[in-house]
Amino acid sequence: DAKTTQPPSMDCAEGRAANLPCNHSTISGNEYVYWYRQIHSQGPQYIIHGLKNNETNEMASLIITEDRKSSTLILPHATLRDTAVYYCIVRGIYGGATNKLIFGTGTLLAVQP
Amino acid sequence: KAGVTQTPRYLIKTRGQQVTLSCSPISGHRSVSWYQQTPGQGLQFLFEYFSETQRNKGNFPGRFSGRQFSNSRSEMNVSTLELGDSALYLCASSLRAGDHGYTFGSGTRLTVV
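Just so you know, the sequences run in chain order W and L. Residue 51 in our numbering sits at position 51 of the first sequence; the count goes up by one each step and never skips. In our numbering, each residue carries its 1-based index in the second sequence increased by 113.
Everything labelled a hint here was simulated from the structure, so no lab data went into it. All values derive from a computational prediction rather than experimental measurement. Using N, Cα and C, we set each Cβ at its ideal position, and we do this for glycine too. Wrong hints could be hidden among the right ones.
Label-pair ranges, simulated between beta-carbon atoms [what the hints assert, rightly or not]: (1) W:Met59 - L:Phe173: 25 to 35 Å; (2) L:Thr120 - W:Thr26: 34 to 44 Å; (3) W:Pro76 - L:Arg180: 41 to 51 Å; (4) W:Met10 - L:Thr151: 32 to 42 Å; (5) L:Gly129 - W:Leu51: 40 to 50 Å; (6) L:Phe182 - W:Ile74: 35 to 45 Å; (7) L:Thr151 - W:Ile39: 10 to 20 Å; (8) L:Thr120 - W:Asn57: 27 to 37 Å; (9) W:Ala17 - L:Arg180: 41 to 51 Å; (10) W:Ala17 - L:Ser192: 43 to 53 Å.
Just chain W, same shape as in the assembly (with noise of 0.2 Å):
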């Protein structure tokens, strides 16, 4: 599975969007992006994740390059309970599909009132 880079930290204000970036130049070609986070003291939450195609659901937004080495997260109006560490995570789907996922160090979110 393809390595992620990801800023250490993020700051951003009550009621703004949040934009997380994460570096993955190694993707191949059947690799899906995925995203968690984890709230400190709870087990990682899943978001989201995509393939080629931009990506929205009830908690955030998933946009990925068009070459697919880069994608951002993007939380519309953040809010106070988003301050949590965000992983992004390359995880391919082969036959013998397995759970496995390999987390980097995350992206420490802390939204300011």
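Go by the hints and put chain L onto chain W.
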């Protein structure tokens, strides 16, 4: 519906002892995976089970083992505990292996003294 349930939430053990942690997946989920989270190493994959079979194992010593029962509940066991085994142990479940989004439990915080 009920989420992933991990018991106990907190545990203190002495070096050299053994410990068993339990994970009850979401009803209907047949795939369970385990992760260890420490401040130094972050989130690391331990192993995963599907239909009572271990499908994948992370890079951990043989002191770490697990199993899955016919009702999909899973246990992990750590024998001959070391101080470095102090960690948050997280369990995640999904319907099938390789699903796009997993649901994590809140974890078991193990402290070895």
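Results of checking the hints against the structure:
no.	hint	verdict
1	W:Met59 - L:Phe173: 25 to 35 Å	32 Å, holds
2	L:Thr120 - W:Thr26: 34 to 44 Å	40 Å, holds
3	W:Pro76 - L:Arg180: 41 to 51 Å	43 Å, holds
4	W:Met10 - L:Thr151: 32 to 42 Å	24 Å, violated
5	L:Gly129 - W:Leu51: 40 to 50 Å	48 Å, holds
6	L:Phe182 - W:Ile74: 35 to 45 Å	41 Å, holds
7	L:Thr151 - W:Ile39: 10 to 20 Å	18 Å, holds
8	L:Thr120 - W:Asn57: 27 to 37 Å	31 Å, holds
9	W:Ala17 - L:Arg180: 41 to 51 Å	45 Å, holds
10	W:Ala17 - L:Ser192: 43 to 53 Å	49 Å, holds
Of the hints listed earlier, the one the structure fails to meet is number 4.
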